[in-house]
Amino acid sequence: MPSFNDRNLIPRGLERCSLQGFALRLAPWLLLFAFGAYCIYLCLRFGLNQTNMDNRFAFGLWIFLDLTVIALGAGAFFTGFLLYLMKWKALKSVINSAVIIGFVCYSGAMVALAVDVGQPLRAWFTFWHPNVHSMLTEVSFCITCYLTVLAVEYIPILLKNRKLKQIPSFLVFEFELHKVIPVLAAVGTLLSFFHQGSLGGLYGVLRGRPFAYREGFAIWPSTFFLFILSAIAVGPSFILLTTKLAEKLSRKPLVRGGVYQMLGKTSGVLLTVYVALKSVDTLIWLNKTSQAAGFTPFEFYTFKPFGTWILFAEIVLLGLVPALLLLSSRMRARPAVLTGAAILACCGVALNRFVLTIQTLALPTLPFDEFLSYFPSWQEFGVFAAVLAYGVLVYAVSFRYLPLFPDEKQLTAPVETEELEYVSRS
Amino acid sequence: MFPGVNGFHWTFGHILFVSIFCMVGLVILTTAIVAAYRSWRDARLNREPRIRWQSDFHDLSDRERRCRHMLSGETKSRLCPNAFECRDCVTHPKFVELAPVAEQMVPVETYGMDFPPENYYHRGHAWVRPEENGTLVVGLDDLGRRLIGPPDHVELPAPGTQLENNGVAWRGDRNGVSFRVLAPVEGEVVETGGPDKGWYLRLRPVANKPTDLRHLLHGYEVSGWLRDELDRLQMLLSPEATGPSLADGGVLMEDLSKAQPGANWDKVMGEMFLEP
Chain E
390 MPSFNDRNLI
400 PRGLERCSLQ
410 GFALRLAPWL
420 LLFAFGAYCI
430 YLCLRFGLNQ
440 TNMDNRFAFG
450 LWIFLDLTVI
460 ALGAGAFFTG
470 FLLYLMKWKA
480 LKSVINSAVI
490 IGFVCYSGAM
500 VALAVDVGQP
510 LRAWFTFWHP
520 NVHSMLTEVS
530 FCITCYLTVL
540 AVEYIPILLK
550 NRKLKQIPSF
560 LVFEFELHKV
570 IPVLAAVGTL
580 LSFFHQGSLG
590 GLYGVLRGRP
600 FAYREGFAIW
610 PSTFFLFILS
620 AIAVGPSFIL
630 LTTKLAEKLS
640 RKPLVRGGVY
650 QMLGKTSGVL
660 LTVYVALKSV
670 DTLIWLNKTS
680 QAAGFTPFEF
690 YTFKPFGTWI
700 LFAEIVLLGL
710 VPALLLLSSR
720 MRARPAVLTG
730 AAILACCGVA
740 LNRFVLTIQT
750 LALPTLPFDE
760 FLSYFPSWQE
770 FGVFAAVLAY
780 GVLVYAVSFR
790 YLPLFPDEKQ
800 LTAPVETEEL
810 EYVSRS
Chain C
60 MFPGVNGFHW
70 TFGHILFVSI
80 FCMVGLVILT
90 TAIVAAYRSW
100 RDARLNREPR
110 IRWQSDFHDL
120 SDRERRCRHM
130 LSGETKSRLC
140 PNAFECRDCV
150 THPKFVELAP
160 VAEQMVPVET
170 YGMDFPPENY
180 YHRGHAWVRP
190 EENGTLVVGL
200 DDLGRRLIGP
210 PDHVELPAPG
220 TQLENNGVAW
230 RGDRNGVSFR
240 VLAPVEGEVV
250 ETGGPDKGWY
260 LRLRPVANKP
270 TDLRHLLHGY
280 EVSGWLRDEL
290 DRLQMLLSPE
300 ATGPSLADGG
310 VLMEDLSKAQ
320 PGANWDKVMG
330 EMFLEP
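Line by line, the protein sequences are chains E and C.
Per our numbering, the very first residue in the first sequence carries number 390; after that it's consecutive.
Per our numbering, the very first residue in the second sequence carries number 60; after that it's consecutive.
Here are the simulated lysine-lysine pairs, DSS-like style, with alpha carbons at most 30 Å apart:
1. Lys326/C with Lys637/E
2. Lys552/E with Lys568/E
3. Lys654/E with Lys476/E
4. Lys641/E with Lys654/E
5. Lys677/E with Lys693/E
6. Lys478/E with Lys326/C
7. Lys317/C with Lys256/C
8. Lys481/E with Lys326/C
9. Lys568/E with Lys326/C
10. Lys317/C with Lys552/E
11. Lys476/E with Lys135/C
12. Lys326/C with Lys641/E
13. Lys478/E with Lys135/C
14. Lys476/E with Lys641/E
15. Lys478/E with Lys153/C
16. Lys326/C with Lys633/E
17. Lys554/E with Lys568/E
18. Lys654/E with Lys633/E
19. Lys641/E with Lys317/C
These are computed hints drawn from the structure, not numbers from a lab.
Generate coordinates for the entire structure from the input sequences, incorporating the hints supplied.
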């Protein structure tokens, strides 16, 4: 039996493990994906009775997952914005990876959302019969458009595959598409700005939920702006983390140290601004907004397990601490601190989305209301796992067959380290 | 929201909302159409070889993109910004003006390999020799020849084919590893040779255009470039963990790919023939 060798599909000069080894490493993720696909089938076939959500607890694990991955995926649009519009050329070495992470995050979120909403054959209703008073209308329009942008941005990376670029028309199309990518980066920035904001605004306008309700500017509650800021603050951290993870797993340097410093510093500066604004927002909410709704400060935090520790963890432990660590050039220079701070920052945004989704719905709002608890069903976990496995599979296959990190070949070559004057490659 | 939906009435908000998203959709669509149209135009104008080289050059490492004047020691560090097209370079004439070396005075070190001084050399290991009848003979230089050894298969362009400078001149493979050699100069193929003949192509220069070989290495420049190429090769053939460890000196042996079968020849061929 002839054995298939994929060497001719791997970019020249890059070392990758054997196909068998690669398949073996992907096998658990394929199994997980298959299990998740079965859960998706169950949910779509039998409906939301497969979940532990109900009319009272309508947002669960999936919405938490959606909000988190969309925030983490912000690294794609923000890196594109910094590279193509602000001309931060050093980010060229992570832009391909950032685009794929963004694509994986957004497409994964779309899948989870499709399962959550159900009836995928009627998905077009969202566009033809939208509720124009809902922030979600803006979110669905923006996310659909942005996913299209990400898919178009993925094409040139895909066409850089060693075999595909041998086809003249593909090579030329990749070249021409690459030239117009800055336009797509600008469109992506506009779309991301609004849908990240609207996702936050969605909670901020919930007057019936005083825990989430916020005042703001014009039609936008403060959560609109905080969601944008938190997403662009952790986006670079997530790019940093995924690149570090890829380096760890492949045991190869993929980007220069300066790029990590740049991503870390960007995250640090934005996270500091976010933590400051979030703190002001929390103080206004505790002392004014919630009191106007008839709630005393910290009344929301009397229901266990959501004590004041969660507020402390969100703002200080997973906000202020990583912000300060990333701001300090001395601390940032230590790889373990840099990675640790990036992990904390990403966990911080996840906790923020958890608080707004789960804690908001768990807290009672009316005198006869009770504190509700919710734990996802195994089918919900299965869908979550499917999205996670899908992300790992797409990224792993892309890493193997596409030149995700342009500097990889140069960094892995045993050449002497010599400082060269940088001349634009244009 | 839209017409046909029960109870729908257009308001300013609807118009604004729909207009913004139609505009965004239009921008995305237009961008894709523009890229597709330009690709079609490029294909029609046969720009593929030039685009392929630009794309490849963009992906070369810093070391591979070193300026010829850096290799010859005229400048400490400089990367080529012109895809090795020195004829379009504004800095190249300045270097030539600043350091006019009398070629006859400088002995050319070729490290035991055969690099005839009358030939002009391309960084991708092809050479050109202008003939008295006005044609240009193109071949593979001695380093390239020793690297590949006797190729298992060579695919030469048919006579009549127009070659672009830095376009693919010919392809081949050895021990399952494919390689391609870049055309060192533009012209029309009038005759094909092969590994046994010592040359591969005979070209007729582009009509009404004097042959300009300024972009190719010649004379004293060959030494510095060869030294760098041998260094690069030594690095490529060294185990990653140890770095360069081969002894200096000696002459590069014949049929290197046969002599060192354990090396990653796919990588070596790619780097030495400038194919990222």
